[in-house]
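*Asks:* For reference, the chains in residue letters:
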Amino acid sequence: MDAPATALVERTFREHSRRAVAVLTRLLGDIDAAEEAVQDAFVTALARWPADGVPPSPPGWIITTARNRAIDRLRREGTRTERHVQAALLHDVTSPPQEEGPVVDDRLRMVFTCCHPALSVPAQVALTLRLLGGLTTAEIAAAFLVPEPTMAQRLVRAKAKIRDARIPYRVPTEAELPDRLPAVLSVVYLVFTEGYAASAGEELVRGELCAEAVRLGRLLAELMPDEPEVAGLLALMLLTESRRPARTSAGGDLVLLADQDRTRWDTELITEGQELVRRCLRRNRPGPYQLQAAIAAVHSDAATAAATDWGQVLALYDQLMALAPSPVVALNRAVAVAEVAGPAAGLEFVERLDLPRHHLLPAVRADLLRRLGRREEAVDAYDAALALTGNERERAFLRRRRDELTADPQSLEA
Amino acid sequence: MPQYLLNIIQPAGQVPPPEVLEPVMRDVATLNEEMRAAGVWVFAAGLHQPEASTVVRPDGLVTDGPYAEAAEFIGGFDVIEAADLDEALAWTRKLTGVLGLPVELRPVATTF
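Residue numbers (full-length UniProt numbering), protein chains in the order written: chain G, 1 to 414; chain R, 1 to 112.
Hints are computed from structural coordinates only; laboratory data are not their basis.
Note that beta-carbon positions come from the ideal geometry of N, C-alpha and C, so glycine has one too.
There may be inaccurate statements among the hints.
[Stated by the list, open to error] Going by beta-carbon spacing under 8 Å, a handful of chain G positions derived as facing chain R: (1) Ala118; (2) Pro122; (3) Asp164; (4) Arg166; (5) Ile167; (6) Ala345.
When you get a sec, could you build the whole thing from the sequences and use the hints?
*Replies:* Here it is in structure tokens:
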């Protein structure tokens, strides 16, 4: 066994298998067949490269071999009813695949197919992680805390729907893009937030989800350089990710933004995120992701919590409310109001919100009541928040805050 | 060319009065004309209420009414030919827009 050749097969697989699947999907018109053909090609590479030497262009060799394997397979398995379909396929396949520019387009086609609104959101997320992120079914299952067979089934069903309902494998036109892009962005952001709201015990897998979401964000930004919301999403993820080292204490407890040791923030991610925010806002086509990124950028500008430009944060939340109003945005805006105009003003907005079953509303309410010295009401609100959150770290944090109130009346002044 | 079935989903129990129904039916007819002109139209029909249906079972038993009581039923349908789901979705959006009712879009698996 030639160890360097084997290692190169592995590296080629890591770096190029997803592109290869995307190209082959275009050629074959079927994701399963494409995955199988690419798998075949890598198995062949493992046998051949150590013996025959490494080809000059490993990814090119993989795509060509996968294409040939697919033709062989179609010939072998050709049934009467599908014969003419396959004839058409063979015709397409024999035209040489272009391995430079259009390869990028194939991955973009794949993004839009995976995130087609005709698929359920969990299916969109699973497909995107599998086909663009290159995660295994087992890894996706672990990340979303579902049994592996359940996730495998979800992927099989989604691919069957793509095939049977003929979800097209193409990039939407300029006119369709406003309808289609938000689904793509929300899938990537969902992967990110799922990773960021880490629950204890799942930390490693979950951190990997954030890294994967950032990788997908970078890929999208590279594939769609003219979409400011794509850059906005990437910036938002980078700026959020930059706080990860400060977000938990040495003991694993949750640390709020106001209490974080800002020297532990990742300055490289902040610089990159802020630069992206500046660049996309200059286009003057603001969107929800850009505005959230801009808010994160204001926070990352402040060396201490006290130095935060809350006026700026509030102005950005006002813009966000105008553009994409939601109870969660309104709640965050109320927090900014409390910083600008005091906890009583913030509480006034919070009391008007209707956000059933969401633990953040009672949590924010509890904090404002605590700052206003309304201890009993604050304790009740912490209890309400505790009843609504399942995340152990957040529960520990809420319990700590509540216990401080019941144990030490002095802490009211904090 | 792939075919799709557009099922018009109607809530049970309410039949709109003629003054509401007539302009809607006119718009549906116009849309079907548009489908024909575009070469996508295969077949379309509006159905009587489920109360008018009869069920025949493999053992020869004939019974009155729908096989199950439901809150919604298929009030009518269109069959169209479209290159892919996006093209079929565009027509489905038009149909649901004209009717003000949800429409289920299903790919045809086999034709006989």
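*Asks:* Work down the list of hints and note, for each, if the structure agrees.
*Replies:* Right, here's what the structure says about each hint:
{"no.": "1", "hint": "Ala118", "result": "6 Å, holds"}
{"no.": "2", "hint": "Pro122", "result": "19 Å, violated"}
{"no.": "3", "hint": "Asp164", "result": "5 Å, holds"}
{"no.": "4", "hint": "Arg166", "result": "4 Å, holds"}
{"no.": "5", "hint": "Ile167", "result": "5 Å, holds"}
{"no.": "6", "hint": "Ala345", "result": "44 Å, violated"}
Of the numbered hints stated above, those contradicted by the structure are hints 2 and 6, listed in ascending order.
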